[in-house]
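Guided by the hints, dock chain B onto chain A, whose structure is given.
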Amino acid sequence: MKEINIYLRIGEKDFAENKDIGKEIRTNEIMPELGAGHEVVLNFDKIDRASQSFIHSLISDPLRKYGDRMLELVTFKNCNDNVKEMIKIVLSYLQDALENKEGD
Amino acid sequence: MYLVRMGLLKILNLQCDATLHEHAAEGRFIPLKQVRTSAELTEFITEMIPLLHTESEQAKTIGYIINELGGNVIEHAHEKNGAILCAQFFKKSNTIRIGIADTGCGIKKSINQSHQAETDLAAIRLSLWPGVTGTTNKPGGTAQNAGAGLFFIKSIATLNKDFFVVYSGNGLYKLLTNKSGNIKLNADPFVDRHSKSEALPYWKGTLVGIDISLNQTQEYRALLKAIRDIYFSLRKTKTYHKRPRFA
Numbered sequence: 001m002k003e004i005n006i007y008l009r010i011g012e013k014d015f016a017e018n019k020d021i022g023k024e025i026r027t028n029e030i031m032p033e034l035g036a037g038h039e040v041v042l043n044f045d046k047i048d049r050a051s052q053s054f055i056h057s058l059i060s061d062p063l064r065k066y067g068d069r070m071l072e073l074v075t076f077k078n079c080n081d082n083v084k085e086m087i088k089i090v091l092s093y094l095q096d097a098l099e100n101k102e103g104d
Numbered sequence: 001m002y003l004v005r006m007g008l009l010k011i012l013n014l015q016c017d018a019t020l021h022e023h024a025a026e027g028r029f030i031p032l033k034q035v036r037t038s039a040e041l042t043e044f045i046t047e048m049i050p051l052l053h054t055e056s057e058q059a060k061t062i063g064y065i066i067n068e069l070g071g072n073v074i075e076h077a078h079e080k081n082g083a084i085l086c087a088q089f090f091k092k093s094n095t096i097r098i099g100i101a102d103t104g105c106g107i108k109k110s111i112n113q114s115h116q117a118e119t120d121l122a123a124i125r126l127s128l129w130p131g132v133t134g135t136t137n138k139p140g141g142t143a144q145n146a147g148a149g150l151f152f153i154k155s156i157a158t159l160n161k162d163f164f165v166v167y168s169g170n171g172l173y174k175l176l177t178n179k180s181g182n183i184k185l186n187a188d189p190f191v192d193r194h195s196k197s198e199a200l201p202y203w204k205g206t207l208v209g210i211d212i213s214l215n216q217t218q219e220y221r222a223l224l225k226a227i228r229d230i231y232f233s234l235r236k237t238k239t240y241h242k243r244p245r246f247a
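Those protein sequence lines, which keep their order, are chains A and B. If you're matching positions, the first sequence starts at 1 in the working numbering and goes up one per residue. If you're matching positions, the second sequence starts at 1 in the working numbering and goes up one per residue.
Read the hints as simulated data drawn from the structure, not as lab findings. As the structure is a computational prediction, the values presented were derived from the model and not from experiment. Hints may be right or wrong, so weigh each one.
[Said to hold, decoys possible] With beta-carbon atoms standing in for the labels, derived distance ranges:
1) B:T119 - A:L8: 25 to 31 Å
2) B:N94 - A:E29: 39 to 45 Å
3) B:N215 - A:D48: 21 to 27 Å
For every residue, glycine included, the Cβ atom is placed at its ideal position computed from N, Cα and C.
Okay, chain A solo, but in the shape it has when bound (with noise of 0.2 Å):
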């Protein structure tokens, strides 16, 4: 199991924008682990805000690629309502759109 600390890996701000970084931790970090089969936390602890984009760059790719695998795998840990909310909208999308292209 590998715990990410995305405040850290921000830079320590409390509003996780960059998207450059958040490809960097999908890439380098999120995607060898499910790979291998291993859990990820992604613990967002300080963490007050987090643009569509951000979150979108960190699990958009996981999900195509194992889809509800991913969701068994990663736990997003500390989340306030705020990154809560925004983790929903984007797996809210994400889900919509992979299930009408299952259907197509």
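For chain B alone, coordinates are given in the frame of chain A:
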């Protein structure tokens, strides 16, 4: 003198012979600032928020808007000059006006990489639609793009009853304030109360402006919840989806 103080000549590398007694910018305005990378955008937002002296909830919304608009330019405009941003506080109306401009490829060229828009206005309409991005025509976007940024900004403006304008090529779309209490978020920007034009002088690139009335800025989380509700209402199926694990 206004344009000099806002830094227009400085950005253009031009000299100003007139003597100017500069008033402090703090709490009043952010002069024109050039942003070329995500790191510079992050730095701009970090520096900007304390300067505006806004309440915490309003600062969150303003930071969000600047980030999405600036990020769009850096990613989609394909322009070495990046984005030019500025902001000004108007005390009488208690409003912050934010402007962002680029001289990049424009919305039509960007959108038409993956969609078909015959006019600049048609491209602006598509760019404001949730889930439409120039980077792909696949539902849900790419690993880095969802086509949600401008829709989020329009939604925030709608909920706060703020003006919001997008100008690209010959086309302009302006979201007008909704006077009634019954506010509804729409996927199609042409369903919102708006004005539009297709015969304006050609601007090579994109301009976006938003007025944020500090008297009526809603709590950040309430904005997010309203946006989630519209995404849910747009769902094509009502199948149960697996939920994220929060700990």
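Hints violated by the structure (listed by number, smallest first)
1
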